[in-house]
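Taken in sequence, the protein lines are chains A and B.
745 is the number that my numbering gives to position 495 of the first sequence; each next residue is one higher, with no gaps.
125 is the number that my numbering gives to position 119 of the second sequence; each next residue is one higher, with no gaps.
There may be inaccurate statements among the hints.
In silico DSS-like links for lysine-lysine, alpha-carbon gap of 25 Å or less [as the list claims (entries may be wrong)]:
no.	chain 1	residue 1	chain 2	residue 2
1	A	Lys-300	B	Lys-165
2	B	Lys-165	A	Lys-380
3	A	Lys-300	B	Lys-56
4	A	Lys-271	B	Lys-54
5	A	Lys-300	B	Lys-91
6	B	Lys-72	A	Lys-386
7	A	Lys-380	B	Lys-56
8	B	Lys-93	A	Lys-675
9	A	Lys-752	A	Lys-345
10	B	Lys-165	A	Lys-908
11	B	Lys-56	A	Lys-271
If you're looking for bench data, these hints aren't it; they were derived computationally from the structure.
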Amino acid sequence: MANTLGYGGMTNHLGDMQNSKVILIMGANPAVNHPVGMQHILKGKENGAKIISIDPRYTKTSAHADLFARIRTGTDIAFLYGMIRYIVKNNLHDKQYLDERVFDWESIVVEAEQYTPDVVANVCGCTAEKFLEVVKLFAENSPGCLIWNQGWTQHTIGTSNTRLGPIMQMFLGNIGKVGGGCNILRGHDNVQGASDMANLSDILPGYYPINEGSWKYYSGQWQVDYEWLKGRFKTKDMMEKKGFSLSTWPWGVIDDENAANNAGTPLKALICIGNGISTITMTHKTKEALDKLDLVVFIDPYVNDAAVITDRTDNMFLLPAASQVESSGSVAATNRSYQWRSQVVKPLYEAKEDHDILFEFAKRLGFYEEFTRSLKNGKPSYEWPEDATREFNRAIKTIGLQGVTPERMKRQQENWALFDPLTLKGSGVVEGEYYGLPWPCWSDKHPGSPIMYRTDVSVMEGGMGFRAGWTDKGPDGKPVVVAEKNGQTLLALNEPAGSRFKGGHLEITADNIESFGITLTAEEKEKVKGKNWKNDNTYILVNKALEAGLCPYGNGKARARAWDWADQLPKHREPLHSFRQDLVAKYPTFEDKKDHYRTNIRYASEQNKQKWVEDFPINVVTGRIVEHMGTGTETRASKYLAELAGEMYAQIHPTLAKKYGIDDGDMIWVYGTGEGKIKVKARYSHSVAETDIFLPQNFSGLWSGKSLVDKYPKGTAPYALGENSNQITSYGYDIVTSCPETKCTLARIEKA
Amino acid sequence: MSRMKFYCDDYRCIDCNGCVVACKEAHEIPVGVNRRRVITINEGIEGKQKSLSVACMHCSDAPCQKVCPTDCFYIRTDGIVLHDKDKCIGCGYCLYACPFGAPQFGHEGIFGVKGVMDKCTFCAGGPDETLSESEFEHYGQNRIAEGKIPMCASMCSTKALIAGDASEVDKIYEYRMAKRGDTTSLKPYGWEAYNNGK
C-alpha cells in the first residue's frame, strides 16, 4: 500500500466506518480478530451501510454481512480486477479523481479487460451472478470502505493484493474520503507502532531506507559517530543490506547456500523478544533451525512455545519480561493513533521491562553509553519512557511524529471523554487535536490526520495529497523529478484546500521551497542548506510549508504502476501449491528469487516440482480463533480461555468428511506438503467449503501426536495444548516483503 | 424504579465470549461453572447463524423461586433475583425449572457431588454484608452497590449485551430498532424469528 498511496498505514479510522454506506471485508474476519472494531462496523450497518464479506469461509463476520461470497484462497486479485472491469464498463468510475490523482490508471483498465465475470467465476470459484451482486452493491453505494487483514498479506502475491485493493478504491474515488478508505485492521496491540519503530529488517525507524544517507542521519540523531556505527557491521554492504526476516531466518541457519547472502556465515544466534515464532509457516523448519543454532534466547512473560519445540539441551535462555500492565509509554493503534499507557504495577518477581533487558544487553556488550546518549540528549540522565518518546519525536520526520509528544498524549489520556468517536475531534482542553494525534502529525500545533489523503480539508486540518516521489528513477529512467509517461507527470493536478501553491509539487527541500511562493530569511536559508523536510532538524522547512498550506512530503499522484517491481501491475498468480493445477500454466508464479531477505527463495521451481494437488487434495485455510492470540502463549495460559477453547481441531465439511469416513469428533492425521504432520480432532462445520479444512493457528505444545508438556519448566505449562497448525503449512513467501504463505496450503488427510 | 434487566442484541452479538471471560475474571468463578454463556445456532449456515449471550434473566415471575424447597431465593425491589447459599441444599430443582439453564452446580469435591447452586447475581452480590469479604467469596463482586453495571455488559465488545434499568435498556433497544428499520425481529427471542429470515 505504501507503494501505491505513499504510506502503508490504515487510511481512515474505526469510528469513521460508521460513516460508510457500504463496507467490503475481504481477507479479514474482524468479529474474531478485532471484536471492538466490529462494533463500529455493526453501528455502520445500523446507519444503513451494507456489509459484504468475501472469504473462503463463512466466518463470524460473514454471519453479520448483508452479502457473502465464498472464494478460493489466493484469488482476490482476479476478483478485484473483475470489479474494476465492471466499474469502468458501467461508467461507475470517478474519472476526474483518477486523472487528477492517479498515475497510469489506464494500464489497470487494460489489464482488467481479461477478467470477465466468467473468468472471475472460474478462478475464484464463486458464481458470476454472486460476483456481479457484490460489485454492484459496492460500486453503486458511496462512500465505500475496504477492510483487509492477513488474509491478503500472507500470500506469495500478498503485496499485489494490497496494491490492487487501494487501486480499486481509487477507481471509485474512495480514498481520501470520509466513510471510504482502506482500513487494514492490525491484529494486535501496537503492530503499527512496531513497524513505525522499525521492528523490521529492511528499514530504519520511521521507514527511512537502510542506505548510507539514512545511517548518517541516524548517527546524528543518536549522537554517535557514523564511522563507529559502521564499525559495528562486518562490512558497509552488510550495514545497508536487508536482514533476514521473521519468516526467512530459519533458512539462514539450516541452508548453507544462504551463508553467501550473509557475509559468508550462517546465522549463529537467535534472540526472540515477544514473538510467537511458531505462527510462521513450516514450524518443523523452525525447529530444525532452533536445534542447530549456537545460542537461543527467549524474552517473554510466558514460556515461548518454541522453547519446548526445540530439542536443544544447552545454551538456551528464558528471560522473564514484564507484561503490558507492568510497563508504560506510547502504543500505536491500528489507525496510526498514539495513546499513552500507564504502569499499573511494578514488574513482579524477577521480570524486567523490555527496555531494561535491552539496556542490560547493551551494558554487557559495551555500548550502553552510546545506546542511551540521545535519550539523555545533553542532560545528565534520562526519564523513561518520556525521553524515548522525545527521541522519536525528533528523529521520525517521515511519518510526522514530531507532534506526538508525551505531554499531548498524557493530556489526551486524561480527557478521553472530550473526543468525538465519529470524527476523533477533541473539545475543551484538547480542542484542536484529533484523538491519538494520528500520524502524520507535523508539529506540536498540528492536530494529526485521522483520514489520510483528504484534499477537501487543509493540511493544518489533517489534509494531504498523495506522496510525491517513489524511487530515484521514474519509469522513463529519468530522475523522478521529471518522471512522466505519455505526458502524465507524477504530480497531482489538484491540491489540498487552502494550499497557497496550486497543483502538485515535489517534496519540500531547501532548494525548491522558494519556488512554491515561500520566502526564507538569509539566516533561515543558511540553517536549512542542503536539507529537506525529512532531515531538517530545525523544522523550518516543515513549518514554512505548513504555513503555506503545503504538505511537507509534496503533492503527488498515487501510482497504479510500480515500475520498479517484479509485477509492475498487480497480476493474479496461482499459489505455489495450487488447488487448481489446470490454472497454473495460465497464471504461473514468479521466477525463483535469489537473496530475498538474504535467502534464496523458490517460486517456479517449487510450483513445478510436482502436481501437488494430486497427492495433497485438500485445500487448507488457517486463521485465528477469537479466544486465542498468536501462538496462544499468553491466552492458553488463561484457565478461562483454555476452558472456552482448549483443544486443537480441524473444521471439516460433513460432505468431505463422509468421503474419508470421518465422523464428527474422530481424530485425523493431516499431512503437509513439507515433512510435517499433525493429529487433530475433526469437527464438522458448514463454515468451510466442501474442498477445504480450517485449522486454528493458535495452538502449540503437541508435536505430531506427542505431548511436549514435560519440556516446560515446572509449573509453566499452559492449560491448553494442541498441535501447531504451521507444522503442515506450505512453503512460500511474498515476492516483496517475504511474508509467509499461510493462507494457501495443500494437505492430505486420513483417519487416525 | 423499574426492574434491572439484561438484553442481548442478536444483531450485534459476535460470539466473542468477552462477556463470559469478564464474568469469570470478575467473580473468580471456578472452571466448569458458567454464570454466562454464548450460544451460537446454525453455525456456518448462510443467513441463519445467530449468537446470543445468556445468563440468569432475573425473571419477574422466577420459576427457580417457585420450585425451591428451602425458599432460598429472594427478589430485590430492583428486580434482581438472588439466592442464599447458606439455605441452598443443592437439590437442582431450580435447574430443571429454569428455561435458560442459568443455575450452575460445581462438580468439584471428592465424590463429585453437587455443591450449592451458583448463578449470575447481576453483579449485585448476595445476602451477606454488602461489599464484605464473605459476600465476595460466596457471590462475587457487588458492582451494583458501587453504582456500576454488571461486568459482562460493561466489557461487551460490540455493546450487544446491555444491562441496567429496564426503561433505559428499552430506550437503547428502541433506538436501534428504529435505526435498523424492518431488519429488527419483532420476536427477538423466539425460534420462529429465524425461520422467516427475520
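Between Lys-752 of chain A and Lys-345 of chain A, does the CA-CA distance stay at or below 25 Å? It holds: about 20 Å lies between the C-alpha atoms, which stays within 25 Å.
With a cut-off of 25 Å on the C-alpha distance, tell me whether Lys-93 of chain B and Lys-675 of chain A pass. Distance ~55 Å between Lys-93 of chain B and Lys-675 of chain A Cα, so the pair is violated.
For the pair supplied as a hint, Lys-300 of chain A and Lys-91 of chain B, confirm whether the alpha-carbon distance does not exceed 25 Å. Violated, because 49 Å separates the two Cα atoms, which is more than 25 Å.
Straight-line Cα separation of Lys-300 of chain A and Lys-165 of chain B no greater than 25 Å? holds (20 Å)
Do the alpha carbons of Lys-56 of chain B and Lys-271 of chain A lie within 25 Å of each other, as the hint requires? holds (24 Å)
Given hint Lys-380 of chain A paired with Lys-165 of chain B - CA-CA distance at most 25 Å: Distance of about 32 Å is beyond 25 Å: violated.
Sort out whether Lys-56 of chain B lies within 25 Å of Lys-380 of chain A, counting only the CA atoms. Given pair Lys-380 of chain A, Lys-56 of chain B holds - Cα atoms ~23 Å apart, limit 25 Å.
Restraint check for Lys-271 of chain A with Lys-54 of chain B, where alpha carbons must lie at most 25 Å apart: holds (24 Å)
Has the given pair, Lys-72 of chain B with Lys-386 of chain A, been kept, meaning a C-alpha gap of at most 25 Å? violated (57 Å)
Proposed proximity, Lys-56 of chain B with Lys-300 of chain A (alpha carbon, max 25 Å): Given that 25 Å is the threshold and the Cα spacing comes to 18 Å, the pair holds.
Is the straight-line distance between the alpha-carbon of Lys-165 of chain B and that of Lys-908 of chain A 25 Å or less? violated (40 Å)
Figure legend: structure checked against the earlier numbered hints; hints not met, in rising order: 2, 5, 6, 8 and 10.
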